[in-house]
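Novice: What follows is each chain in one-letter form.
There are 2 protein chains.
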Amino acid sequence: MSERATSGLATVRTVGALRLRVADWRAQGHSIALVPTMGALHEGHGTLIDAARRVADRVVVSVFVNPTQFGPNEDFAAYPRDESRDMAFISQRGGDLMFTPEAAEMYPEGFATSVHVAGLTEGLCGAFRPGHFDGVATVVTKLFTQARPDSALFGEKDYQQLCVIRRLVRDLDLGVQVVAVPILREDDGLALSSRNAYLSAEERAIAPVLHRVLTESATHIASGAGAGIKAVLADATGKLIEAGFRAVDYVACVDPETLQPLAAYDPGRGARLLAAAHLGRTRLIDNIAV
Amino acid sequence: MSERATSGLATVRTVGALRLRVADWRAQGHSIALVPTMGALHEGHGTLIDAARRVADRVVVSVFVNPTQFGPNEDFAAYPRDESRDMAFISQRGGDLMFTPEAAEMYPEGFATSVHVAGLTEGLCGAFRPGHFDGVATVVTKLFTQARPDSALFGEKDYQQLCVIRRLVRDLDLGVQVVAVPILREDDGLALSSRNAYLSAEERAIAPVLHRVLTESATHIASGAGAGIKAVLADATGKLIEAGFRAVDYVACVDPETLQPLAAYDPGRGARLLAAAHLGRTRLIDNIAV
Chain A
263 MSERATSGLA
273 TVRTVGALRL
283 RVADWRAQGH
293 SIALVPTMGA
303 LHEGHGTLID
313 AARRVADRVV
323 VSVFVNPTQF
333 GPNEDFAAYP
343 RDESRDMAFI
353 SQRGGDLMFT
363 PEAAEMYPEG
373 FATSVHVAGL
383 TEGLCGAFRP
393 GHFDGVATVV
403 TKLFTQARPD
413 SALFGEKDYQ
423 QLCVIRRLVR
433 DLDLGVQVVA
443 VPILREDDGL
453 ALSSRNAYLS
463 AEERAIAPVL
473 HRVLTESATH
483 IASGAGAGIK
493 AVLADATGKL
503 IEAGFRAVDY
513 VACVDPETLQ
523 PLAAYDPGRG
533 ARLLAAAHLG
543 RTRLIDNIAV
Chain B
263 MSERATSGLA
273 TVRTVGALRL
283 RVADWRAQGH
293 SIALVPTMGA
303 LHEGHGTLID
313 AARRVADRVV
323 VSVFVNPTQF
333 GPNEDFAAYP
343 RDESRDMAFI
353 SQRGGDLMFT
363 PEAAEMYPEG
373 FATSVHVAGL
383 TEGLCGAFRP
393 GHFDGVATVV
403 TKLFTQARPD
413 SALFGEKDYQ
423 QLCVIRRLVR
433 DLDLGVQVVA
443 VPILREDDGL
453 ALSSRNAYLS
463 AEERAIAPVL
473 HRVLTESATH
483 IASGAGAGIK
493 AVLADATGKL
503 IEAGFRAVDY
513 VACVDPETLQ
523 PLAAYDPGRG
533 ARLLAAAHLG
543 RTRLIDNIAV
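Protein sequence lines correspond, in order, to chains A and B. Here the first sequence is numbered in the numbering used here, starting from 263 and rising by one per residue. Here the second sequence is numbered in the numbering used here, starting from 263 and rising by one per residue.
Excised from the complex, chain A in its bound form (with noise of 0.2 Å):
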């Protein structure tokens, strides 16, 4: 059952020794909850580690980087990997158990299920990393059938992921809790991130002005006063290439649940500005209610 002492943290590494103990937590009459992350843990899967100890009497933290959410050219060989400090974190943070499957437990020889969220998927993202989106459906959808807990915690931080996860959670009738856990984020307003350990000192300086004109540009929305939302959306452009970014994928202001781009800011409605830039090799993302 390849089960640890180790940092005081049970591991398991298979989906039948997972069921095992979360059948012996449901038997104690325990509720489950589960954080699913990729590892290189930092505060912000703190933050939903917390959260997931308030709604449930029991944590799974999930720790897999999922190879089919990653594009071709994109860092899933560079991803950083540290189960150790990983597990460390999580026994630090007040999770009852680690489960980490190799890929082969995951996705065993012909495995052939791909699980798709039309819609939601498409736009923002889903144009910059085609096939993403259905990679993150199916390990999600996996997960919460390996472990079936009552609730699963996910960040803001990736807005668009926690709306498809939150679509798909209701099509197929899993019967798991999604909650939001705030973006987390440094004094200077940079989102926590996995992926901000790959910045230069020079490009870490650089990061938070996306933050920053996320920020001012929903003020501007908001006041409803001078130019329109495509007017702002295009200088927040501007103003990220200015700060240094080598390109931008999107800056967007959409429906906080649809995710269509809005012409229009209803106060009634609400609205989600999201933004995806690239700093050297390092692509960011951040969002933001307005």
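These are computed hints drawn from the structure, not numbers from a lab. It should be emphasised that the depicted structure is a prediction, and the values quoted were computed from it without experimental measurement. Worth double-checking, as some hints may not be accurate.
As the list claims (entries may be wrong) - If you anchor each label on the Cβ, the simulated ranges turn out as follows:
hint : chain 1 : residue 1 : chain 2 : residue 2 : range
1    : B       : Ala374    : A       : Ala496    : 24 to 34 Å
2    : B       : Asn335    : A       : Gly437    : 27 to 37 Å
3    : B       : Leu282    : A       : Thr477    : 39 to 49 Å
4    : B       : Ala374    : A       : Gly333    : 16 to 26 Å
5    : B       : Pro523    : A       : Asn335    : 28 to 38 Å
6    : B       : Ala442    : A       : Phe390    : 36 to 46 Å
7    : A       : Ala289    : B       : Asn335    : 43 to 53 Å
8    : B       : Arg316    : A       : Gly372    : 23 to 33 Å
Virtual Cβ for every residue (Gly too), placed ideally from N, Cα, C.
Based on these hints, arrange chain B on the given structure of chain A.
Specialist: Okay, now just chain B, sitting in the frame of chain A:
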């Protein structure tokens, strides 16, 4: 909870009511089998219910004519529906619960998710019914996550569907044991099917030729004598047309698991012979082990 005592059979129409009933059985320590159907129940479905009663304590029969697995030019509107007859059939056969959701319960507003099984769905019926197996895979995933049964029963009549569902259950860790039930046939060999009701008297007299030709072809292939597989299949197609079938979608000899076409017969591995052919306006399918 839309439950009725008609025919002495409990009936639920919502996922919530289904889950309450199943949870109650679970709490009593009962195992649960699901028999997914599109209604228009016949003795073939009867053998599925019989088999379900052998493998589980409680038997749920779902009756749902799933719109997403019909093509635009197929028989969704005409598909036979008779709920009170189905209810009486399930009750008399010893089923414990009928689950008959409306389409809006299965596919609420904004529904956007689909499940795709690559490979297995591409040939045979998949080539002639685009989207059919996505519809099947999605609805079966939903039925499994809704009812969370221990086992589910499927007829070998829909052999490709059976293979797709086996793959799907493994790939998405649905935790359901898939049990295959052999084809039930009329005395003259015609496989039982709800669609046999479409046949005119004249067509009904021709229909058993499908099974007869498959049986002869299987014998030829298994004997290894004479013509190769390709010639046997071409000959079978000719015989069907000659007997009065309007068109033959395919006669194929495939690996029983991968459904890949076989160039030669390997008795150790086995083979499956499958056919789909049109008799008037009715599309019939059948298959047989070599």
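Novice: Is it true that the C-beta distance of A/Ala289 to B/Asn335 lies inside 43 to 53 Å, as the hint says?
Specialist: holds, 51 Å
Novice: Starting from the hint 27 to 37 Å, judge whether the C-beta atoms of B/Asn335 and A/Gly437 obey it.
Specialist: holds, 36 Å
Novice: Could one say that the CB atoms of B/Ala374 and A/Gly333 fall in the range 16 to 26 Å?
Specialist: holds, 22 Å
Novice: Regarding B/Arg316 and A/Gly372, is the given constraint of 23 to 33 Å on their beta-carbon distance met?
Specialist: holds, 29 Å
Novice: Using the beta carbons of B/Pro523 and A/Asn335, state whether their distance is inside 28 to 38 Å or not.
Specialist: holds, 35 Å
Novice: So does B/Ala442 sit 36 to 46 Å from A/Phe390, Cβ to Cβ?
Specialist: With Cβ atoms ~44 Å apart, the hint holds.
Novice: Taking the CB of B/Leu282 and the CB of A/Thr477, does the distance hold inside 39 to 49 Å?
Specialist: Holds, since B/Leu282 and A/Thr477 (Cβ atoms, about 47 Å apart) stay within the stated range.
Novice: How does the Cβ-Cβ distance of B/Ala374 and A/Ala496 compare with 24 to 34 Å: does it lie in that range?
Specialist: Once the Cβ atoms are compared, 30 Å apart, the range 24 to 34 Å for A/Ala496 and B/Ala374 holds.
Against the hints set out earlier in the document, no violation occurs for any number.
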